[in-house]
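Q: So you can see what is in the structure, the chains are spelled out below.
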Amino acid sequence: GGIITQTPKFLIGQEGQKLTLKCQQNFNHDTMYWYRQDSGKGLRLIYYSITENDLQKGDLSEGYDASREKKSSFSLTVTSAQKNEMAVFLCASSIPKSQNTLYFGAGTRLSVL
Amino acid sequence: QQQVRQSPQSLTVWEGETAILNCSYENSAFDYFPWYQQFPGEGPALLISILSVSDKKEDGRFTIFFNKREKKLSLHIADSQPGDSATYFCAASQGGRALIFGTGTTVSVSP
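Order-wise, the sequence lines are chains F and X.
Using our numbering, read the first sequence as starting at 1 and increasing by one per residue.
Using our numbering, read the second sequence as starting at 1001 and increasing by one per residue.
Calculated directly from the structure, the hints in this document are not laboratory data.
Here a beta-carbon is modelled for each residue, glycine too, at the ideal position from N, C-alpha and C.
Just so you know, nobody snuck in bad clues.
Here are the simulated DSBU-like pairs of lysine-lysine, each with C-alpha atoms no more than 35 Å apart in a straight line:
id: 1; chain 1: F; residue 1: K57; chain 2: X; residue 2: K1068
id: 2; chain 1: F; residue 1: K41; chain 2: X; residue 2: K1068
id: 3; chain 1: F; residue 1: K41; chain 2: X; residue 2: K1057
id: 4; chain 1: F; residue 1: K22; chain 2: F; residue 2: K83
id: 5; chain 1: F; residue 1: K71; chain 2: F; residue 2: K83
id: 6; chain 1: F; residue 1: K41; chain 2: X; residue 2: K1072
id: 7; chain 1: F; residue 1: K41; chain 2: X; residue 2: K1056
id: 8; chain 1: F; residue 1: K57; chain 2: X; residue 2: K1057
id: 9; chain 1: X; residue 1: K1056; chain 2: X; residue 2: K1072
id: 10; chain 1: F; residue 1: K41; chain 2: X; residue 2: K1071
id: 11; chain 1: X; residue 1: K1056; chain 2: X; residue 2: K1071
id: 12; chain 1: F; residue 1: K57; chain 2: F; residue 2: K83
id: 13; chain 1: F; residue 1: K9; chain 2: F; residue 2: K57
id: 14; chain 1: F; residue 1: K57; chain 2: X; residue 2: K1072
id: 15; chain 1: X; residue 1: K1057; chain 2: X; residue 2: K1071
id: 16; chain 1: F; residue 1: K57; chain 2: F; residue 2: K22
id: 17; chain 1: F; residue 1: K41; chain 2: F; residue 2: K22
id: 18; chain 1: X; residue 1: K1056; chain 2: F; residue 2: K57
id: 19; chain 1: F; residue 1: K71; chain 2: F; residue 2: K57
id: 20; chain 1: F; residue 1: K41; chain 2: F; residue 2: K70
id: 21; chain 1: F; residue 1: K41; chain 2: F; residue 2: K57
id: 22; chain 1: F; residue 1: K71; chain 2: F; residue 2: K9
id: 23; chain 1: X; residue 1: K1056; chain 2: X; residue 2: K1068
id: 24; chain 1: F; residue 1: K22; chain 2: F; residue 2: K71
id: 25; chain 1: F; residue 1: K41; chain 2: F; residue 2: K83
id: 26; chain 1: F; residue 1: K18; chain 2: F; residue 2: K57
id: 27; chain 1: F; residue 1: K41; chain 2: F; residue 2: K71
id: 28; chain 1: X; residue 1: K1071; chain 2: F; residue 2: K57
id: 29; chain 1: F; residue 1: K18; chain 2: F; residue 2: K41
One-sided and incomplete, this derived list gives chain F residues near chain X with beta-carbon spacing under 10 Å:
id: 30; residue: I4
id: 31; residue: Y33
id: 32; residue: L43
id: 33; residue: R44
id: 34; residue: Y48
id: 35; residue: Q56
id: 36; residue: D59
id: 37; residue: L90
id: 38; residue: A92
id: 39; residue: T101
id: 40; residue: L102
Could you build the full structure based on these sequences and the hints that come with them?
A: Okay, here's the thing in structure tokens:
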């Protein structure tokens, strides 16, 4: 088995601050994802990457940057944190095939003061 | 526009009852429909899935019923247990593309 590790678990930021979230996986999966989870809105795709150095925008990419420098890691940057923003950011990985099974990390919980 | 919709938003059942969670979708090209289960403080995990060529998929106490014509599916949890208390997400994808998730249904099972 493998594991997805997200750091930090909790992140408190200031309005306008640039914040970086990190994700590591040891499944040796090719594809990695970042989803944002808001109460009542489900999971929305921010970015995904099908291989090292590849980036694909999801529906919610505005306000975020992503980086896939190694196969095992995928980072997400909130370019300017919004006041009172609260959300959980979930990282996932999968093997690319017609039916992907996503393996999720436990999430990073963001609060912006 | 929400491409995958779920109802109800929350659901409470007694232990031993059947919980029924509903999902509908917009895109008739979606061909893969997984359900993910999420416990508090954890990431979602795949519970059960169905392809659009099937109308039913069973795995223990969990059953998906799929109606392609109406673009609807449902997850039935038979003999609900307190350990089934979680949030359940319906998702859909087309041709191996990234999954699109619904808004989730939170299930509480009372002993």
